[in-house]
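**Student:** Residue numbers (numbering that gives the first Met the number 0), protein chains in the order written: chain R, 0 to 134; chain V, 0 to 330.
Don't read these hints as lab results, they were simulated from the structure.
You may find that some hints are simply not true.
Straight-line alpha carbon distances no greater than 35 Å define the calculated DSBU-like cross-link-like pairs of lysine-lysine that follow [stated by the list, open to error]:
id, chain 1, residue 1, chain 2, residue 2
1, V, Lys227, R, Lys128
2, V, Lys81, V, Lys153
3, V, Lys222, R, Lys60
4, R, Lys2, V, Lys263
5, R, Lys58, V, Lys223
6, V, Lys49, V, Lys78
7, V, Lys223, R, Lys66
Restraint ranges, calculated between C-beta atoms of paired labels, are given here [to be verified]:
id, chain 1, residue 1, chain 2, residue 2, range
8, V, Lys223, R, Asn106, 32 to 42 Å
9, R, Lys101, V, Asp134, 45 to 55 Å
10, R, Lys111, V, Asn3, 45 to 55 Å
From a predicted model like this one, the values you see are computed outputs, not experimental measurements.
Note that CB positions come from ideal geometry on N, CA and C, so glycine has one too.
One letter stands for each residue in the lines below.
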Amino acid sequence: MKKSDVPQDTSHLKAGNHKELCYAVDDKGEYTTAQSTGWKPKAIALDNAIEEINNRISKAKTRVLNKETSPIEYYMELHKMDVGILASYVGLFKWQVKRHFKLKRFNKLSKKTLEKYANVFEISMNQLKDIDYGN
Amino acid sequence: MEINFTHHQTAHCENGVVSNLMKYNGFDVSEPMVFGIGSGLMFCYIPFLKVNHAPAISYRTMPGQIFKRFAKRVGIKIKKEKFKKPQDAEAVLDENLEKNNPVGLQVGVYNLVYFPDEYRFHFNAHNLIVYGKQDGNYLISDPVMETVTTLTSKELEKVRFAKGAFAPNGHMYYPVGFPKELNIKEAIIKGIKNTCRDMLAPMPIIGVKGIRYTAKLIRKWPKKKGIKVANHYLGQIVRMQEEIGTGGGGFRYIYAAFLQESSKILNNNKLAELSKEMTVIGDLWRDFALDASRIYKSRSAKDDAYNHAASQLEAIADKEETFFKELKKAI
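Model the full structure from these sequences, guided by the hints.
**Tutor:** And the structure:
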């Protein structure tokens, strides 16, 4: 890539006034560095990934409101986590976390376990029990 | 306390931490040098691991390897510590800062507040330098950022004790012993040999073979997973290739810069030629990203488009195979 070709496209980087460093070749063929505000193919990939996450969040929300899953699944998606990541944050096994998605189990959870989840998601117990709490 | 530390922005975090720590200690080592000597260049399709619900591909070696190999090859000693308790991690960090010793930390990105929200994923192999503490805030030099920044001790604790794959566990590292002169020439040769070995490894998911394996998967995705998932996966490949902290096309350019610098140090013209060739390969990776982005942008791509993208990868694999065979002969 030539230094003059270092992309300066609009991206989430640009919006936050960030620039990343790229290596490129100058007119004499020597390697040098240049800052870039972003590159379109990357921006699209990131946008798609964010959209995918938002879809997962809204799906989880609907499922919670339809009483098909516990609020834990919704908050997990909201924090861009998967079961494995959430399990390691609360210090449980994956199968335990999955079990807590079941409303029946969730309603029987001890205060201690609920607190673990609330702490990880940085929310109150009320918010953990009711995703619409306070809204 | 504040250590007299100069921040230099770099393209990749681990190279950047090493290069900046070396410069602080009076050794002018560029980012590409660290990357090349530490044999950072790699391709690996990681089975069983999903990131953001899509397959994980790494364009560089395992986190921590670059520094480890670099240190061993140029003859410096590094000290590494991991912690069970956050309190201990903070105490040892403070001790080092009091002794005027800037340290490197491995951190998770998700809670890194100065990153743009859109870039905050559960990725735990980011690196930064702490070079002081002022009014309870830590002074942070994150090599991928333009300037220095600060984090509260609570914020720093969160990122040092992020959980999930590659959990840092407070991982802290810094150089402790330096030789009179760095063993650069020999280190370059060792670094290059190691990279050639990795890229030409007779393993199905690593190096040139890994690129071909990924191409094969791309051909299968639209039928096996449906267009929507296939697009998501393809987008993930590009993100892993070009995002901050990873950078596959970008890594090829850094490697080309390393070969150019090495050709002067070793007085080896062949390396300068190969540097140009690596730049061409980097451009091909970019073309691949550009074409792939057209597929996942339109969302209605035909199988043909996936086959085309796969063929592009296969062409890159062929080029890289020839390249690393020649590079092996050149040193």
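**Student:** Are the hints correct? Go through all of them and say.
**Tutor:** A quick look at each hint next to the structure:
| no. | hint | result |
| --- | --- | --- |
| 1 | Lys227(V) to Lys128(R) | 33 Å, holds |
| 2 | Lys81(V) to Lys153(V) | 18 Å, holds |
| 3 | Lys222(V) to Lys60(R) | 30 Å, holds |
| 4 | Lys2(R) to Lys263(V) | 21 Å, holds |
| 5 | Lys58(R) to Lys223(V) | 23 Å, holds |
| 6 | Lys49(V) to Lys78(V) | 31 Å, holds |
| 7 | Lys223(V) to Lys66(R) | 32 Å, holds |
| 8 | Lys223(V) to Asn106(R): 32 to 42 Å | 39 Å, holds |
| 9 | Lys101(R) to Asp134(V): 45 to 55 Å | 47 Å, holds |
| 10 | Lys111(R) to Asn3(V): 45 to 55 Å | 48 Å, holds |
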